[in-house]
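All chains, please: the whole structure from these sequences, using the hints.
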Amino acid sequence: MDLVDVMMEKGFLGQDFLTWLWYKSEERGGTVYLPEAGDIQLVFEKHMLLEYGEGESHEKVICQGLQAELKEARTGLAMGKKIEQARILLTRDNYEWRLTLKGSLLELKSVRLPKTMTSTEESDDPAAMEGRILDRISMFELVHRTIDELFRAFLQVRLGPDWQTDIAKIRVWVNKGRPA
Amino acid sequence: MGLFSSSASFVRYAVEGELPENFWDFAAGQIARYSFRDIDDSYEEQSMGWVSVHNMFDSSFEYSSYAVGDYLVLSLRIDERKVSKAALKKFCLKEEERIKKERQIPRLNRSQRLEIKENMKLMLTKRAVPIPSVYDLCWNLSEGTLLFFSTNKKAQALLEDYFKETFGLYLVLQVPYLTAMHLVGPDEQNILADLKPEIFV
Numbered sequence: 296m297d298l299v300d301v302m303m304e305k306g307f308l309g310q311d312f313l314t315w316l317w318y319k320s321e322e323r324g325g326t327v328y329l330p331e332a333g334d335i336q337l338v339f340e341k342h343m344l345l346e347y348g349e350g351e352s353h354e355k356v357i358c359q360g361l362q363a364e365l366k367e368a369r370t371g372l373a374m375g376k377k378i379e380q381a382r383i384l385l386t387r388d389n390y391e392w393r394l395t396l397k398g399s400l401l402e403l404k405s406v407r408l409p410k411t412m413t414s415t416e417e418s419d420d421p422a423a424m425e426g427r428i429l430d431r432i433s434m435f436e437l438v439h440r441t442i443d444e445l446f447r448a449f450l451q452v453r454l455g456p457d458w459q460t461d462i463a464k465i466r467v468w469v470n471k472g473r474p475a
Numbered sequence: 211m212g213l214f215s216s217s218a219s220f221v222r223y224a225v226e227g228e229l230p231e232n233f234w235d236f237a238a239g240q241i242a243r244y245s246f247r248d249i250d251d252s253y254e255e256q257s258m259g260w261v262s263v264h265n266m267f268d269s270s271f272e273y274s275s276y277a278v279g280d281y282l283v284l285s286l287r288i289d290e291r292k293v294s295k296a297a298l299k300k301f302c303l304k305e306e307e308r309i310k311k312e313r314q315i316p317r318l319n320r321s322q323r324l325e326i327k328e329n330m331k332l333m334l335t336k337r338a339v340p341i342p343s344v345y346d347l348c349w350n351l352s353e354g355t356l357l358f359f360s361t362n363k364k365a366q367a368l369l370e371d372y373f374k375e376t377f378g379l380y381l382v383l384q385v386p387y388l389t390a391m392h393l394v395g396p397d398e399q400n401i402l403a404d405l406k407p408e409i410f411v
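Chains S and H, in that order, give the protein sequences. Per this note's numbering, numbering through the first sequence is continuous, rising by one, with the last residue being 475. Per this note's numbering, numbering through the second sequence is continuous, rising by one, with the last residue being 411.
Careful: at least some of the hints might be erroneous.
[As the list claims (entries may be wrong)] Okay, derived cross-link-like pairs now, SDA-like style, lysine to any residue, Cα gap no bigger than 25 Å in a straight line: (1) Lys363(H) / Phe307(S); (2) Lys364(H) / Ser405(S); (3) Lys410(S) / Phe267(H); (4) Lys319(S) / Pro421(S); (5) Lys355(S) / Glu408(H); (6) Lys355(S) / Lys406(H); (7) Lys299(H) / Lys331(H); (8) Lys364(H) / Gly212(H); (9) Lys363(H) / Lys471(S); (10) Lys363(H) / Asp300(S); (11) Lys310(H) / Leu334(H); (12) Lys410(S) / His264(H); (13) Lys331(H) / Met258(H); (14) Lys374(H) / Gly455(S); (15) Lys404(S) / Val382(H); (16) Lys404(S) / His392(H); (17) Lys363(H) / Leu298(S); (18) Lys410(S) / Asn265(H); (19) Lys404(S) / Lys363(H); (20) Lys406(H) / Gly455(S); (21) Lys319(S) / Gln399(H); (22) Lys364(H) / Ser399(S); (23) Lys363(H) / Phe236(H); (24) Lys336(H) / Phe267(H); (25) Lys363(H) / Arg382(S); (26) Lys464(S) / Arg382(S); (27) Lys341(S) / Gln459(S); (28) Lys471(S) / Lys336(H); (29) Lys406(H) / Lys410(S); (30) Lys364(H) / Val299(S); (31) Lys364(H) / Lys374(H); (32) Lys366(S) / Tyr318(S); (33) Lys355(S) / Lys404(S); (34) Lys374(H) / Gln380(S); (35) Lys363(H) / Met302(S); (36) Lys364(H) / Arg427(S); (37) Lys471(S) / Leu298(S); (38) Lys300(H) / Asn265(H); (39) Lys363(H) / Glu351(S).
By construction, these hints were calculated from the structure, which means they are not laboratory data. Every value quoted in this text rests on a predicted model; they were computed, and no experiment measured them.
Written as structure tokens, this is what we have:
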């Protein structure tokens with residue numbers, strides 16, 4: 296399969312990951328356990344994009360609201376829509392990132408890094424500039440590695456023998472979002 | 211939206227191929243060869259090349275190096291003279307009218323109209339100011355990964371070609387399926403290859 300075919304045929308993998316991640320986040324009140332890092336904080340914030348169908352029947356729904364009020368998104372999920380994009384607050388090792396995760400391509404958009412340097416370290420001498428670049432790169436790599444670790448945790452469940460047990464629980468959670 | 215922006219967007223690539231021996235010497239030569247050349251004082255339509263992440267005017271890396279620890283950090287600068295479709299259409303119609311009046315003919319044939327279009331495009335391109343776009347990247351040499359700070363598909367395609375031209379190495383965009391293949395073991399890879407979308411309701 297070439298890259299275009301992979302993107303077309305397997306784009307669902309990232310979207311399914313986002314649905315699982317939202318469920319995992321809500322299961323423990325915004326905390327997700329990672330074998331590599333222990334408990335990290337992961338909260339789905341006020342912006343979410345859901346998709347449904349392909350080609351001419353393709354639909355998009357943008358949901359915005361406070362964290363506790365992503366009701367429309369929950370309803371969309373219960374109607375069979377897939378999460379294509381979600382705004383996430385992620386905290387690990389006392390560092391806090393805000394980012395938008397795009398499901399089908401696992402792109403990280405509008406990433407806001409934690410503040411790690413004081414203003415005195417932000418001078419223009421070469422050593423300080425190199426330090427600043429390395430600091431920013433490490434923060435970009437750490438957030439990407441965290442997403443990879445979460446994705447690995449999802450894959451272990453998704454491809455493992457207990458997936459049917461897990462999907463049953465997720466379906467109960469999804470169906471709670473149906474309008475009464 | 212780059213490496214130093216308060217809000218950055220990026221994708222990750224795997225760098226495929228063997229790094230040459232004496233990599234930093236090789237990189238120095240290639241980056242100099244493929245560095246950005248200014249087209250402000252010429253009529254060229256497009257120019258593309260490497261500049262410092264700190265300063266888009268620093269294509270000789272006088273003020274800051276691209277070598278940062280075990281990373282190679284660069285910006286890809288693309289300057290392009292763009293002609294708007296509406297402006298091109300207007301000037302073509304104006305020139306067609308002028309020629310018809312001058313020659314006292316009711317209409318122009320297809321080849322005449324095409325020639326006018328070519329000439330007008332050239333004239334407007336020469337008049338246009340080159341518009342710069344700058345995209346940062348950071349290449350982790352030990353892990354063979356590269357972060358590219360743009361989610362624009364056209365910019366990604368230009369980077370992939372220019373990176374191959376400069377370093378002789380291929381960039382493979384890490385979409386979820388390829389990332390997944392790296393993250394799981396051989397048995398799970400087989401399951402993954404046949405996996406279908408899940409129904410969550």
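Here's how the hints hold up against the structure:
1. Restraint check: the Cα-Cα separation between Lys363(H) and Phe307(S) comes to about 19 Å, which is no more than 25 Å; the hinted pair holds.
2. Annotation: proposed proximity of Lys364(H) to Ser405(S) holds, straight-line Cα distance about 19 Å (limit 25 Å).
3. Only pairs whose Cα atoms come within 25 Å are accepted, and Lys410(S) paired with Phe267(H) is rejected, the gap being roughly 28 Å.
4. Distance check on the hinted pair: Lys319(S) and Pro421(S) sit about 44 Å apart at the alpha-carbon level, beyond 25 Å; violated.
5. The hinted pair formed by Lys355(S) and Glu408(H) meets the criterion: a straight-line CA distance of about 19 Å does not exceed 25 Å.
6. With a C-alpha separation of about 22 Å, the suggested pair Lys355(S) and Lys406(H) falls inside the 25 Å cut-off, and the hint holds.
7. This hinted pair checks out: Lys299(H) and Lys331(H) have alpha carbons roughly 10 Å apart, not beyond 25 Å.
8. Proximity of Lys364(H) to Gly212(H) is assessed by CA-CA distance (about 16 Å); at most 25 Å being required, the pair is judged to hold.
9. Only pairs whose Cα atoms come within 25 Å are accepted, and Lys363(H) paired with Lys471(S) is rejected, the gap being roughly 38 Å.
10. Of the supplied pair hints, the one linking Lys363(H) and Asp300(S) holds, its CA atoms being roughly 16 Å apart against a limit of 25 Å.
11. Simply put, Lys310(H) and Leu334(H) have alpha-carbon atoms about 21 Å apart, close enough for the 25 Å limit, and the pair holds.
12. Simply put, Lys410(S) and His264(H) have alpha-carbon atoms about 20 Å apart, close enough for the 25 Å limit, and the pair holds.
13. Simply put, Lys331(H) and Met258(H) have alpha-carbon atoms about 21 Å apart, close enough for the 25 Å limit, and the pair holds.
14. Distance hint between Lys374(H) and Gly455(S) is unfulfilled; the C-alpha atoms sit about 38 Å from each other, more than 25 Å.
15. Restraint check: the Cα-Cα separation between Lys404(S) and Val382(H) comes to about 19 Å, which is no more than 25 Å; the hinted pair holds.
16. Restraint check: the Cα-Cα separation between Lys404(S) and His392(H) comes to about 22 Å, which is no more than 25 Å; the hinted pair holds.
17. For the suggested pair Lys363(H) and Leu298(S), the alpha carbons sit about 13 Å apart, so the restraint of at most 25 Å is met.
18. Only pairs whose Cα atoms come within 25 Å are accepted, and Lys410(S) paired with Asn265(H) is accepted, the gap being roughly 23 Å.
19. This hinted pair checks out: Lys404(S) and Lys363(H) have alpha carbons roughly 14 Å apart, not beyond 25 Å.
20. A hinted pair counts as satisfied when its Cα atoms are at most 25 Å apart, and Lys406(H) with Gly455(S) qualifies at roughly 14 Å.
21. With a C-alpha separation of about 24 Å, the suggested pair Lys319(S) and Gln399(H) falls inside the 25 Å cut-off, and the hint holds.
22. Pair hint Lys364(H) plus Ser399(S) holds up; C-alpha atoms about 18 Å apart against a cutoff of 25 Å.
23. A C-alpha spacing of about 29 Å is found between Lys363(H) and Phe236(H), which places the hinted pair above 25 Å, so the restraint is violated.
24. Restraint check for Lys336(H) and Phe267(H): satisfied, since their Cα atoms lie roughly 22 Å apart, inside the 25 Å limit.
25. Proposed proximity of Lys363(H) and Arg382(S) is supported: the alpha carbons are some 21 Å apart, at most 25 Å.
26. With a C-alpha separation of about 24 Å, the suggested pairing of Lys464(S) with Arg382(S) holds against the 25 Å cut-off.
27. Simply put, Lys341(S) and Gln459(S) have alpha-carbon atoms about 30 Å apart, too far for the 25 Å limit, and the pair is violated.
28. For the given pair, Lys471(S) sits about 62 Å from Lys336(H) by alpha-carbon distance, which is inconsistent with the 25 Å threshold.
29. Between Lys406(H) and Lys410(S) the CA atoms are separated by roughly 41 Å; this puts the pair beyond 25 Å, and the hint is violated.
30. Using a Cα cut-off of 25 Å, the hinted pair Lys364(H) and Val299(S) holds, with the two alpha carbons roughly 14 Å apart.
31. As the CA atoms of Lys364(H) and Lys374(H) are separated by approximately 16 Å, the hinted pair is consistent with the 25 Å bound.
32. Restraint check for Lys366(S) and Tyr318(S): satisfied, since their Cα atoms lie roughly 14 Å apart, inside the 25 Å limit.
33. Between Lys355(S) and Lys404(S) the CA atoms are separated by roughly 18 Å; this keeps the pair inside 25 Å, and the hint holds.
34. Note on Lys374(H) and Gln380(S): the hinted pairing is violated, with a Cα-Cα distance of about 31 Å set against a maximum of 25 Å.
35. The hinted pair formed by Lys363(H) and Met302(S) meets the criterion: a straight-line CA distance of about 13 Å does not exceed 25 Å.
36. Of the supplied pair hints, the one linking Lys364(H) and Arg427(S) is violated, its CA atoms being roughly 29 Å apart against a limit of 25 Å.
37. Proximity of Lys471(S) to Leu298(S) is assessed by CA-CA distance (about 37 Å); at most 25 Å being required, the pair is judged violated.
38. Taken as a hint, the Lys300(H) and Asn265(H) pair is broken in the structure, with Cα atoms around 38 Å apart against an allowance of 25 Å.
39. For the hint pairing Lys363(H) with Glu351(S), the CA-to-CA distance comes to about 22 Å; that is within 25 Å, so the pair holds.
The structure shown violates the earlier hints numbered 3, 4, 9, 14, 23, 27, 28, 29, 34, 36, 37 and 38.
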